[in-house]
Amino acid sequence: MKSFLTKLFPGKDPVLVFNGFILYYFLADFLMRVQLQELPTLSVKPYLTVNLSKKTIIKFLNLRSFFTFFNLLPIFIFLPFVFISIAPISGSLSAMAYTLIVLSLAIFNNFLILYIKRKAGSNGFIILFGVAAMLILAALDYFNIISISHISGLLFSYISHHPLWSLIFILLPVSIVGINSKYLRNNLYLEEISKKEVAKVSTDYPFLNRFGHTGRLVALELKLILRHKRSKSALTMSFLFVLYGLLFYKKQLIDKNSFGSLLFAAIFMTGIFQIVYGQFMYAWQSSHFDGLLTSPVTAKDFLRAKFLMFTLAATLVTMVTFFYGFISWKLILLHLCVYLYNIGFGTVIVLYFACYNRKRLDLTKAASFNWQGVGASQWLLGIPLLLMPFLIYLPFGIYDLPFWGIISIGLFGLITLAMREIWLNLLTRLFIKQRYKIAEGFREH
Amino acid sequence: MLIEIKNLKKIYNQKTVVDIPSLSINEGELIGLVGNNGAGKTTLFRLFLDLIRADEGVVLSKGNDVSKDDNWKSYTGSYLDEGFLIDYLTPEEYFQFIAEINNISQSTLVERIKPFKEIFNDEVLNKGKYIRDLSKGNKNKVGIAAAMLIQPELLILDEPFANLDPTTQIRLKKLISEIKARDVTIIISSHDLNHVTEVCDRIILLEKGIVIKDSEKTEGTLKELENYFTV
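Those sequence lines, one after another, are chains G and X. Under the working numbering, think of the first position of the first sequence as 1, with each following residue one higher. Under the working numbering, think of the first position of the second sequence as 446, with each following residue one higher.
Misleading hints may appear alongside valid ones.
[As the list claims (entries may be wrong)] Straight-line Cα separation of at most 25 Å, SDA-like style, residue types lysine to any residue; simulated pairs:
id, chain 1, residue 1, chain 2, residue 2
1, G, Lys229, X, Lys572
2, G, Lys300, X, Leu505
3, G, Lys437, X, Gly502
4, X, Lys559, G, Pro296
5, G, Lys117, X, Arg577
6, G, Lys200, X, Leu570
7, G, Lys433, X, Asp567
8, G, Lys200, X, Asp567
9, G, Lys200, X, Arg577
10, X, Lys513, G, Ile225
11, G, Lys300, X, Arg498
12, G, Lys300, X, Thr461
13, G, Lys433, X, Thr461
14, G, Lys251, G, Phe268
15, X, Lys513, G, Gln434
16, G, Lys200, X, Gly502
17, G, Lys200, X, Ile564
18, X, Lys562, G, Val201
19, G, Lys433, X, Asn452
20, G, Lys437, X, Asp500
21, G, Lys200, X, Asp578
22, X, Lys559, G, Ala199
23, X, Lys574, G, Ile225
24, G, Lys437, X, Ile564
25, X, Lys454, G, Glu444
By construction, these hints were calculated from the structure, which means they are not laboratory data.
Turn these sequences into a full structure, and let the hints guide you.
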C-alpha cells in the first residue's frame, strides 16, 4: 500500500495521503453498506418462542451483524499500513490509536446502517440521499470549500502526536450500539422488525403486447427482474457499469486508435446485462419452470422472448453509452459495432450455456454476496463471449487497420444477427433435448 | 380413449418408482388416485405432463406421445405444486397471463373467474399481494383456478384438498362435480379417502409404483380402502 500511494501521489508523504484518505473511505463504506449490507433480523424467528430473554436475543443479533465482509475490509486495508508505515515513525502507541479509530468507525458504520435500515425499511431514497450527500461533499472538497481529506489529515496527524485522544472515538460505537439495542428491545416483535408491506399493484406493459406471445413472456420476465432484489441488483449494476469506460478510455489510446485496448470495456458496457443476468439464465425462472413447461408456450417462443429481451436491454444500455461521444466520435462507432456483436453473437452464446445450467436459484434469498446457483458453466460463458471479438480484431490490429478491425466485429455481429432464425431453431432443439434435466435440477431445493 | 399408458416405467437410482404395463382413461371419467407417500402418484402425474422422461414406454394423450407432441398442452389443465405458480405476480396478473397464452379474451376471463369467487372467499383477488405472499391454502386455490380456467378437456390435480379449510373443501368438491358434468376428464390424487370416494367414479390404488387395485367406485369402496390402509 505504501508503494501504491507513493506511485499514485508522487512527491507526497504517503502517511499524509493515508491520513487524508481514512475519512473518505468510511464515507464510501457507509454508502456501500446502505446498498449491500443485509439486516440479520429474519433469522431471529425461531428464537422468539423458546426460553431466551430478549436481552440475549438482542446480544445475539448485534453479535451476528459483525460477521460481514464490510467489517473485514477496513482491517485488511488499513491495519497493514498502520503497522508497517506508521508504527516505526510515530511509535506503537499511535499505531494502536489508529487501529482503535479504524475499528470504532467500522463498527459505528455497521450499527448506524442497521439502525437506519430498521427504522426506514428498505427505502430507496436513503441511498439517493446518501449518494447526493457524497457527491456534494466531494464537490465541496474539489473546489476547496471544505476539505474532507484536510480534516481527515489534520485529525490523524493530531492523533499520531496525541494518541490518547483516540479514546474519545470509542464513544461512537458504544452510543450507536446502545441506541440500536434500545430500539430493538422496544420493537422485538416479528411483524414490526420485518419490513412493512406495501400494497402490490398489477402492471401491464402495453408496448410489449405487439410482440404477441413473445412480448408477453418478456413482460413476465421484466416483472421478474423488477420484483426480486437479486435480479434488480443485476440491472442496477448494468447501468453503473456504463461508467466503466471512464476508467478505461485514455486519451492516448483513443488518439492512436488502439481499439484493441478499448474493446474489453466496450463489450462489457454494452453487453453487461447479458453477462450478469444471462449467466443465471433459465434459473431465474426455476421456481415456476414446471408451470412453464406444461403451459402452451412453445420452446421457440420461450427462446424468442429471451432474444428479444436481450436485444432490448443491450439497445437501451448502448444508447446510454453514446454519451462517450463527447470524448470522441470513434467511441460511438466502437460501441455500435460491439453492440451488433453482442446482440448477434453474444445472445446465442448466453442461451447456449443456459441450456447446461441446472442450478436452482432461490430468489427470495438475499441479493448481495449470494453465490447460490453459481457453477462452472457461468464462468465458462464469459470466455467465448469476450474472446471472440479479440480474435476478429487481432489480424487487423497487427496490420494496423484498427477501423477495419472494429467494423469487422460489427459485420460479424450483423451476419450472426441475420442468422437468428437458424440459431433459434438450433437452440430450440437443444432446449427440448435438455428440458428434463433442467427441470429436474430446478426442482431440487 | 383419452389417455393410454403402455409399458410405462420410471426408475430412480435403480429403484422402480412407476411400473404400469397398461392403463387407459376414457373421456369424462373422474379418477381418484390413492396411495401412501412414495407410491408414485406425483411421479405418474409428472409423466402424464411430460415433466420427467419415462425410462420405458409411453403416455399417449389422444393417441399422441406426450413427450414428442405438444398438442396436449392446449387441452390439459394441471396443478401439481407451487412450482406451477409464477409467484411474483399478483393473482390477477397470473390469471391474465394464463388467459393470454391460451388465447382467452379479457371478457371471457372475467366470465370464467366468476365461479371461483366463492372458493376465493375474498382472500385472493384485489388484495394487493403477490402470490408468494399468500398463504399455502390460497396459493393452492390460485393454482387450481388457473388449471380450470382454460376449460381443459383433461384436468390433473395433485392433492387439491390439501391446505384448504373445510368450507372450501366442500365448495371445491361441488365445483369438480360441475366440471365433470361437462364431460371433462379429471384425475385427482388425495390422501383423504373420504373426499376421493365421495367425488370420484373410479379409484386407482398405487403401491410402490404398481397399480394394485383399479375399479369403479361402489358402496363398499371406502370400507375396502380403509381396510387396505389400516396396517
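* **Hint check against the structure, violated hint numbers in rising order** => Hints 7, 10, 12, 16 and 24 not satisfied by this model.
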